[in-house]
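There are 2 protein chains.
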Amino acid sequence: MKFGGTSVATVERIRNVARHVRREVEAGYDVAVVVSAMAGRTNELVGWCKEAAPLYAPSEYDVVVASGEQVTSGLLAIALQNEGLPARSWQGWQVPFRTSDGHGSARIAEVDGAGILAGFEAKREVAVVSGFQGIHAETGRITTLGRGGSDTSAVALAAALKAERCDIYTDVDGVYTTDPRIVPRARRLDRVAFEEMLEMASLGAKVLQVRSVELAMLHQVPTYVRSSFDDPADPKPGTLICDEDDIMEQSVVTGIAFSRDEAQITLRRVADKPGVAAAIFGPLADANVNVDMIIQVVSDDAATTDITFTVPAADYERSRAILEQHRETIGLREVQGATDVVKVSAIGVGMRSHAGVASRAFRALADKGINIRAITTSEIKFSVLIDAAYTELAVRTLHSLYGLDRA
Amino acid sequence: MKFGGTSVATVERIRNVARHVRREVEAGYDVAVVVSAMAGRTNELVGWCKEAAPLYAPSEYDVVVASGEQVTSGLLAIALQNEGLPARSWQGWQVPFRTSDGHGSARIAEVDGAGILAGFEAKREVAVVSGFQGIHAETGRITTLGRGGSDTSAVALAAALKAERCDIYTDVDGVYTTDPRIVPRARRLDRVAFEEMLEMASLGAKVLQVRSVELAMLHQVPTYVRSSFDDPADPKPGTLICDEDDIMEQSVVTGIAFSRDEAQITLRRVADKPGVAAAIFGPLADANVNVDMIIQVVSDDAATTDITFTVPAADYERSRAILEQHRETIGLREVQGATDVVKVSAIGVGMRSHAGVASRAFRALADKGINIRAITTSEIKFSVLIDAAYTELAVRTLHSLYGLDRA
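Taken in sequence, the protein lines are chains S and A. Counted the way my numbering counts, the first sequence spans residues 1 to 407. Counted the way my numbering counts, the second sequence spans residues 1 to 407.
Do not take every clue at face value.
You can't tell identical chains apart in this list, so a pair holds if it fits in one copy or across any two.
Unchecked claim - Distance condition first, Cα-Cα at most 35 Å in a straight line; then the derived DSBU-like pairs of lysine-lysine: (1) K50 <-> K236; (2) K50 <-> K123; (3) K236 <-> K206.
I should point out that these hints are in silico values taken from the structure, not numbers from a laboratory. Computed from a predicted model, the values in this text were never measured in an experiment.
Could you put together the complete structure from these sequences and hints?
What follows is the structure, given as structure tokens:
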């Protein structure tokens with residue numbers, strides 16, 4: 001069971017979490033609970049680091065922010081004992097979660113579940129584990145996995161313990177066909193395939209962290225997304241993220257995701273010669289800019305070409321500066337850009353076996369007067385880049401088109 | 001160097017601490033800094049524990065409260081790096097400070113300074129150490145030393161590193177002949193003997209924790225008490241706590257301490273027979289009540305005796321209840337008690353070689369109309385128990401009597 005920051009934001013909520021855990025223990029399960037820091041706490045700690053020095057060592061940042069989960073794990077262990085359950089807290093270094101030394105965004109190398117399993121064996125002791133953190137074995141120093149890392153901690157621990165399932169409790173009651181704030185008729189999904197969830201998380205759905213879904217898929221950990229605000233005595237089932245084969249009725253499109261975190265860059269009349277793509281995208285890759293959609297169109301002048309691509313909005317200015325630096329080698333004439341764009345995506349493993357899924361979308365969007373700036377497709381999804389002003393209209397259009405609206 | 005909660009209460013103050021440390025590094029010292037949690041933070045964390053459950057496991061309490069020092073150590077390491085100094089934080093489990101398993105009030109068994117010394121050796125790296133915490137080696141769990149334990153951490157670490165000295169930075173600029181809030185003419189002492197400081201701390205002076213002084217005395221660690229609010233570029237020397245032999249001019253009385261944390265219990269007309277003391281004080285000792293002053297007076301009736309003793313004010317009600325339970329075996333007739341009492345003490349190693357020091361005090365107090373309820377003496381101190389209303393008068397009287405007033 002994993003509980004995020006809003007689920008443990010106050011001691012009262014932590015006591016409520018304890019009641020959720022008790023229900024599962026009484027149902028016969030041995031339980032490990034992964035917790036985040038109390039909501040707002042991590043931001044406060046990060047703020048202090050910035051106040052202490054404009055440039056701070058990530059290794060010390062990790063020490064400061066990891067204290068947030070430490071507090072929550074201790075408090076939840078206390079609350080569980082108060083519910084009459086044997087319980088103890090485990091910090092990342094105690095389990096241990098062995099990670100890389102990439103302080104601030106370390107990767108889990110290995111999780112040793114032996115101590116926790118021994119507690120299950122000896123006295124059905126609930127393990128309360130600080131998420132988001134680990135230890136670098138060689139230096140013995142505290143590491144953190146980066147924002148949202150608690151989901152990853154939970155799935156990695158579930159895999160290490162060979163758990164029957166991993167329940168991610170959050171402030172929503174499952175995975176929806178799209179954001180219900182935009183489409184009120186969005187439906188909660190009973191089941192989503194790992195690959196679909198991975199695409200949804202990558203394409204803007206915020207319900208789960210991408211790396212946690214990758215891990216769940218890799219280790220085939222059945223993972224539920226469910227609400228910590230349900231009545232602990234009578235919770236709803238939430239959404240199961242599972243193997244594609246475990247989903248009986250598969251629709252062609254499962255969900256519509258969108259991401260506002262996009263910026264478009266267009267290079268006009270670039271010389272159409274071998275090596276030009278490398279000249280453009282090499283320097284961006286070197287600077288860790290993640291280029292997403294790329295389209296190339298032959299321009300009026302046959303010797304040149306127009307190249308359009310997207311980068312994360314946060315990297316937009318930096319990307320333009322890098323391109324300016326390499327203006328000569330690229331043979332650049334004109335750079336255009338836009339940040340008021342959005343990427344809307346439709347995801348579904350059913351696309352593999354159904355042709356023409358995307359083309360129906362292009363027609364439907366054109367009918368609504370929505371101009372498509374770029375397109376990318378893969379086996380189980382397609383994305384369109386459009387003007388941000390049309391976001392809601394486009395999402396609702398696709399949601400209806402693929403029969404996702406609640407009756 | 002050790003900095004307490006008020007010295008690190010804000011990030012701005014932590015940056016000021018970094019300047020104090022830089023001064024010592026620039027003076028050529030390798031420095032280990034022990035820090036407390038930001039002022040108020042520990043109380044907040046303890047409050048959360050109490051909110052989570054009325055009765056909480058001390059092992060989880062330790063996990064929660066130890067997070068406070070973790071935050072400070074990380075932030076100070078960042079602030080030191082910002083001052084251009086190599087620095088890294090060390091948690092209790094990393095150093096490690098090996099302790100007993102007495103969660104909430106663990107005792108330090110061993111401090112391993114090897115890692116910190118290696119950092120000194122390799123790159124003059126400042127070690128920023130979380131005070132107040134350790135690890136129990138067998139269970140691998142976080143322990144804390146109890147309130148005020150950071151002083152003890154600092155002295156123990158200084159001993160382990162064979163430090164030239166241990167500087168305890170606090171919100172006062174040294175040890176005074178008595179509390180300056182009560183006696184404005186109190187003087188800051190340049191030097192105090194370990195044994196005197198031990199008595200002062202035990203008898204109510206709050207400047208240092210008793211266990212830290214015991215350790216300093218045991219390991220002969222020269223320890224300074226000084227102010228973190230001094231100008232980092234030009235600090236005052238503070239008070240040196242050192243071996244008696246290192247103090248040239250020793251006055252007979254060095255300081256006057258007082259403690260309001262006392263309660264008096266008088267048992268009237270107890271049968272004066274062998275074993276009665278054991279019948280009274282045995283049950284109190286079994287209940288961990290620390291009985292201090294004891295006086296026995298033969299009453300009018302020669303077959304009985306009156307016994308007066310003091311207990312900590314916090315144990316007063318409990319002590320009376322215990323005595324009631326053993327009324328039969330003690331042969332108890334009447335119990336009287338008072339909580340509005342105060343213990344005033346005069347301390348000085350010079351008492352060893354000077355007779356009649358205490359008797360001068362009794363006369364001076366009597367002259368002021370102050371009634372003495374009980375007296376205890378030892379080699380280097382004497383204490384009187386008086387009505388709390390006379391506290392200030394008694395302290396000022398003794399302070400003047402022994403020539404401690406500032407000119």
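Numbers of unmet hints, in rising order: none
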